[in-house]
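**Student:** Spelled out, the chains give:
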Amino acid sequence: MSARTTRKRHAPLQDDLRRVVDSLPGLVWTSLPDGYVDFLNQRWCDYTGLSLEKACGWGWNSAIYPEDLPALLDYWRSILASGEPGEMEARMRRFDGKHRWFLFKAGPSRDASGKVVRWYGTNTDIEDRKEAEGRLRLVIDTLPALVWSKLPEGSADFLNQRFREYTGLSVEEGLGWGWMRNAFHPEDRAEEGWRAAFAAGQPFEKEARLRQADGAYRWFLLRAVPLRDERGSVVKWYGTSTDIEDRKSAEEALLETQHRLAQITRIQAMGELAAAIAHEVNQPLTAIVTNANFSLRQLTGSSPNLEELRAAIKEIVNDGTRASAVVARIRGLLVKGASRRAEIDINDIIQEVVSLLRNELTRNRIHLRAEVAASLPRVQGDPVQLQQVLINLIMNAVEAMRLSTERPRKLVIRSGKSADGVLVQVQDAGPGISPEVAGRIFEPFFTTKAEGIGMGLAISRSIIESHGGQLSIVPVQQGAVLQFTLPVSSDGGL
Amino acid sequence: MTEPAPIVYVIDDDPSVRRAIKRLVESVGLHVELFGSATEFMNSSHPDVASCLVLDIRLPGISGLDFQRELIKTQHEIPIIFITAHGDIQMSVRAMKAGAVEFLTKPFRDQDLLDAIQAALERDRARRQSVANTALLRERLESLTPREREVLPLVVSGLLNKQVASEIGTTEATVKVHRSQLMKKMGADSLPELVRMAEKIGIPGSGR
Chain A
22 MSARTTRKRH
32 APLQDDLRRV
42 VDSLPGLVWT
52 SLPDGYVDFL
62 NQRWCDYTGL
72 SLEKACGWGW
82 NSAIYPEDLP
92 ALLDYWRSIL
102 ASGEPGEMEA
112 RMRRFDGKHR
122 WFLFKAGPSR
132 DASGKVVRWY
142 GTNTDIEDRK
152 EAEGRLRLVI
162 DTLPALVWSK
172 LPEGSADFLN
182 QRFREYTGLS
192 VEEGLGWGWM
202 RNAFHPEDRA
212 EEGWRAAFAA
222 GQPFEKEARL
232 RQADGAYRWF
242 LLRAVPLRDE
252 RGSVVKWYGT
262 STDIEDRKSA
272 EEALLETQHR
282 LAQITRIQAM
292 GELAAAIAHE
302 VNQPLTAIVT
312 NANFSLRQLT
322 GSSPNLEELR
332 AAIKEIVNDG
342 TRASAVVARI
352 RGLLVKGASR
362 RAEIDINDII
372 QEVVSLLRNE
382 LTRNRIHLRA
392 EVAASLPRVQ
402 GDPVQLQQVL
412 INLIMNAVEA
422 MRLSTERPRK
432 LVIRSGKSAD
442 GVLVQVQDAG
452 PGISPEVAGR
462 IFEPFFTTKA
472 EGIGMGLAIS
482 RSIIESHGGQ
492 LSIVPVQQGA
502 VLQFTLPVSS
512 DGGL
Chain B
308 MTEPAPIVYV
318 IDDDPSVRRA
328 IKRLVESVGL
338 HVELFGSATE
348 FMNSSHPDVA
358 SCLVLDIRLP
368 GISGLDFQRE
378 LIKTQHEIPI
388 IFITAHGDIQ
398 MSVRAMKAGA
408 VEFLTKPFRD
418 QDLLDAIQAA
428 LERDRARRQS
438 VANTALLRER
448 LESLTPRERE
458 VLPLVVSGLL
468 NKQVASEIGT
478 TEATVKVHRS
488 QLMKKMGADS
498 LPELVRMAEK
508 IGIPGSGR
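Residue numbers (my numbering), protein chains in the order written: chain A, 22 to 515; chain B, 308 to 515.
Any given hint might turn out to be false.
[What the hints assert, rightly or not] Some, not all, of what chain B presents toward chain A, calculated at C-beta under 10 Å:
id: 1; residue: Asp319
id: 2; residue: Ser334
id: 3; residue: Leu337
id: 4; residue: Arg430
id: 5; residue: Arg432
Worth flagging that the hints you see were computed from the coordinates, not collected in a lab.
Cβ coordinates follow ideal geometry from the N, Cα and C atoms, glycine included.
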């Protein structure tokens, strides 16, 4: 069937109707079911400067911006085939040669049997909207932030150009959950946490590290605000991710300074303690060294004074004993007072210490995992002393990881059953304990820390042993594990 | 020349340290006296012999450093060797600036202490010698006639006999006589020696 015969059968509009259509403030057209355009209104012809004759059939193609034409034709054919209404944007040339954006809309008209008999279409000038959109897009793309919108459950459906510029990823790689999976620091990819934040439906802020195109990570503040429908359910999330690396490092510097200050205060107190200890221990040592030197002089001389020699050596023995008593006394002093025993659940101790140290851990960005065993036997112990031991072990672990930048700072506190009671382990991901250090680590005054006095583990060991338990290093491949045991029976020490 | 035996005073609050030092120092033939505090030391009598002080910084009551200052203020110029169990640089600088002979950290090497004691005693001997010399010179100054005492500052200030003569209104020959008399009485062999003596006893004009 030729177009011409079809055209004859379906005569265009009646004259009066045609006048109405021609004066409509829009471009209107009709086509035959095969897409052959058989009518364009006056406004259409006025806009394009094409005559009806020239534009009919497929002649209108010449008014379409060449770049937009292939897609438009493809689309036009696809809706012709489907028989469903459709719309598409494309640029159309005005009579003066200027192109403007139009929204092309087409819908079918069917006969009683449902067969398409004609297509009706409008072309709406959307140039102004397009321009505004473009301006808006420019604003969004040049904002000094990553701008995005996300579906109610959190998957991204829009990311501005900044995302691409910052991450070096394509926008597609950031869509869905790619904004997190592909761009976040592995430690910050807590998908459940993010899903929970979106599910809560309240505006929220979260911090995360985003990978830059060059691989470096910077801290960002993500702010999300929900858009709700009239029933109050979230339709969409809008948000920004702002680079806060500088603020973050300033904060860190401040914390570092505060930490240093606290440490200096502690060192000062420790310095005074150390002076007292040094004096106390050095006195007998001075006497020992001097007496020993005297003895050597006597022995190398021609006629040693045996009486004095005996007296000197006797004093060496006495002063040696005195020095060790001083050390014992200091240790006793630091163990602090008499121990008070109570029946305790070791998990309670762990919980208290963890809540006590939470700030310290957060500040050092240490990820804590507590793996406590349920229904452990209760043990006899001094809660304060045991807390002291646990704090000491955890602070050592923190110290060990404070300098490490590569390994994730993971701290695991474990409790479990031991052969005759319970055991507690503190595991860090620090550089580990070398065999040489392991051999001496529990000695009083042995330390690997610049500002340590080397009493922490010595005292901890004294405390655990006074509870009838053992404090030891558990050999591991990576990091360090320190463990103490406590027997269930209360017959240990005291 | 035989001098009376020098004394090493040791002030330390730790009897065991005191005894050990005494034993060591006596083994090189020196006389040692022990004290538990600065007050104890001040309340004892000290014979007029060369001596030195081995002083602990940390002492009950007045500290070693404060005691050093006290001694300087009251012109007890005994050389001091500090010993301390926990000294810092600041402390040692303060002690050395105030004239300490040595600052030893406990436990010290025996030879370091003995060397310091020798140096301290040497310094005290020299000081005592100079004090004795000054006393002798003052005595000699006393033996000059009023006219000779008038001539002395003019001579040591570098004036020629002629200038001295016109200054005090006499002849050059008379000045020559006064001059040779006072040189003999003071025991000076030359003008430079006389100038040094005059400096020591504080004759005006000699310090130019």
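**Student:** Confirm or reject each hint.
**Tutor:** The hints, checked one at a time:
1. For Asp319 (chain B), the shortest C-beta to C-beta distance to chain A is roughly 8 Å, which falls under 10 Å, so the interface hint holds.
2. At about 6 Å, the closest approach between the beta carbon of Ser334 (chain B) and any beta carbon in chain A falls short of 10 Å, and the interface hint on this residue holds.
3. Restraint check, Leu337 (chain B) versus chain A: the minimum CB separation of about 13 Å is more than 10 Å; hint violated.
4. Contact between Arg430 (chain B) and chain A, as hinted, is not supported at the beta carbon level, the nearest pair being about 23 Å apart and thus beyond 10 Å.
5. Hint status for Arg432 (chain B) relative to chain A: violated, with the closest Cβ pair at about 25 Å, above 10 Å.
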